[in-house]
Amino acid sequence: MIKTMKNSLKAGLAVLALAGLMTHGAAPALASAAKVELPARNWSFNGMFGTFDRGSLQRGLQVYQEVCAACHSLKLVAYRNLSAIGLNEDQIKKIAAEFEVQDGPNDEGEMYARPARPSDRFVAPFANDKAARASNNGALPPDLSLMTKARKGGADYLHALLTGYKETPPDGVKMGEGMQYNVYFPGNQIAMAPPLAEDAVEYADGTKATAEQLAADVSTFLTWAAEPELEDRKRMGVKVLLFLLVLTAMMYALKRQIWADQH
Amino acid sequence: MSSKFFENPIIKWVEYRLPIFSFIDHSVGSGYPTPKNLNYWWNFGSLAGVVLAIMVATGIVLAMSYTAHVDYAFESVERIMRDVNYGWLLRYIHMNGGSMFFILVYIHMFRGMYFGSYKEPRELLWIIGVLILLAMMATAFMGYVLPWGQMSFWGATVITNLFSAIPLVGDAIVTWLWGGFSVDNPTLNRFFSLHYLMPFVIFALVFVHLWALHVHKSNNPVGVDIKGPQDTIPFHPYYTIKDAFGLGVFMLFFMFFVFFAPNFFGEPDNYIKANSLVTPPHIVPEWYFLPFYAILRAVPDIWFISAKLGGVIAMFASILVLMLLPWLDRSKVRSARFRPVYRQLFWVFVLDCFILGWVGANSPDAVFHGIPFLWIGQTGTAYYFAHILIIIPLISILEKPKTPPESISAAVTQAAE
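The listed protein sequences correspond, in order, to chains P and R.
Under our numbering, the first residue of the first sequence carries the number 1, and numbering increases by one thereafter.
Under our numbering, the first residue of the second sequence carries the number 1, and numbering increases by one thereafter.
Isolated chain P, as found in the complex:
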């Protein structure tokens, strides 16, 4: 009975969405009003030869661990993956061991908790979405594994969002309960409090932790988390294009030669 109700509710929502599309009715005015240019940054991973800045990646990991991870999960990344950003086995084991995961059942049939291993995925801060909402004023902090691929503008957007808070909203903007004003967030009202203040973390490598630096580092780290294959991909791409360029040139020469008697 509940299942049927849930299903008909889903169908109803779908039809509503469709009706919205078909009648060209009430446009979400918010979406069109909030078109702001994203400042384009010169990321080290941009361009055909782009690579990740290892220092920035490791600082970004630190920002994620000490700031973001309080609310945001990173479920698609495993601790072992951190070897790709330059951490050694011991460092990875140490990071993993700080978390507990449920395993089992053991031979007695009991579930038990054990420290996380490098093969485990990043342990989420909350047991489930409901728990996450309950601790966050009803808002759900999204998983960050694919954040840069899941937003238009990618790392540029993420960086702009993290540094785009305004303490006082512009005149005439009425803020919702517990909401913050952000220039780059669609609709401008975001439930996340400004996460990055100056010196929010003390960088292990001594880099000065300005809000700008923190945002850039964590954006780099999350770009890697979303596209861990980026460096391999670009490196292989250059080789593939060079190979194709030579092959195509040879094909063209051969074509000219074969067609010579036709022209």
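Incorrect hints may appear among the rest.
[To be verified] Only pairs whose alpha carbons sit at most 16 Å apart, straight line, appear in this in silico EDC-like list of lysine to aspartate or glutamate:
#1 149(P) - 75(R)
#2 75(P) - 123(R)
#3 273(R) - 143(P)
#4 94(P) - 406(R)
#5 75(P) - 83(R)
#6 152(P) - 37(P)
#7 273(R) - 261(P)
#8 217(R) - 123(R)
#9 36(R) - 261(P)
#10 149(P) - 78(R)
No lab work stands behind these hints, which were simulated from the structure alone.
Since the structure of chain P is already known, use the hints to place chain R on it.
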């Protein structure tokens, strides 16, 4: 193939029992006479064939690591991207290959329209081509649902809901398509099954397409029939090498996107896992459906036909009407080179298709320099149908075409002088 090849005893032994070598020779070899004047617009058919093969090859391997279940589909695609060896490469080739396939086929079809390739005696060849396009659309639509992202889910919801516009039985049909009361696990499972099946249907259609092609051979840029051996050259080596060169150029284009802008054609929302309780602010289909999406949304309520039903009819009609082209176009001259009026209006039609695509990407409520997109879409839709149903028949009667050359070889020598 050279006669020396056929003198080889092993080749002779096989050939006597199964004439496969002479079959290949007559299909794409030296035994297949081809107009000597084909230009590079004639490369796109074979390129589309290559991409079909690439799609099937990558798709079969991807299916080995994909899980068609609402709880695992999204994560299984990410496993392919992160944990399967070169999984990211396979998936990005497959994902961008879809877009490439449509680019190639759209150019191939515009080529056919410009040079009058659909005309007698190639009507069935053209109609089979339109059927291939329809099969491709179904395949691409279902494939886009498989990663189970937000656009997968909501795109599937919107498009399957279109069938509810059918009077009386619409809702029952939608429930039957879904295998339930919303897009859910049964829907994902059947889409996976059909997405795997459809490419083989396309293969069969391509086979028939080529069969029909080989009866009357390729059309050509001047659009006059092959009159004798002086008009043709053997397919191999002339067009095999020309196709190989074209393939190289195309692969450079294709691989650029795979390696350096793999998500260029995609929507960021599809990297968010499907959620039936959160509707994306802006549901858009893949780019190759945008012109048809604009047509779908352009139709208002007309008398007793609801906007929804009218839109669905218009959208399907916009493709099906192409099948009538051979009879709507009365002109005996095939190539637009000798049809000054048709040639200009052809380019207006191409522009109209681009405008419809642009409208499809925007919300109908959005405004462009004071003009609502809805109006642009309606004008574009009206012109689309007017071009095919009114303008093409009219100019084919009223236009006075220039005289095409006597023969292909005459045209070639003229050009050389």
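Now the hints, each set against the structure:
1. Restraint check for residue 149(P) and residue 75(R): the C-alpha separation of about 15 Å stays at or below 16 Å, so the hint holds.
2. For the suggested pair residue 75(P) and residue 123(R), the alpha carbons sit about 55 Å apart, so the restraint of at most 16 Å is broken.
3. A distance of roughly 10 Å separates the Cα atoms of residue 273(R) and residue 143(P); the hinted pair therefore holds under the 16 Å criterion.
4. Restraint check for residue 94(P) and residue 406(R): the C-alpha separation of about 83 Å exceeds 16 Å, so the hint is violated.
5. At roughly 14 Å between alpha-carbon atoms, residue 75(P) and residue 83(R) fall within 16 Å of each other, so this suggested pair holds.
6. Annotation: proposed proximity of residue 152(P) to residue 37(P) holds, straight-line Cα distance about 11 Å (limit 16 Å).
7. Distance restraint check for residue 273(R) and residue 261(P): the Cα-Cα separation of roughly 59 Å exceeds the 16 Å cut-off, and the hinted pair is therefore not satisfied.
8. Among the hinted pairs, residue 217(R) with residue 123(R) is consistent with the structure: their alpha-carbon atoms are about 13 Å apart, no more than 16 Å.
9. About 12 Å separates the Cα atoms of residue 36(R) and residue 261(P), which keeps this hinted pair within 16 Å; it holds.
10. Restraint check for residue 149(P) and residue 78(R): the C-alpha separation of about 12 Å stays at or below 16 Å, so the hint holds.
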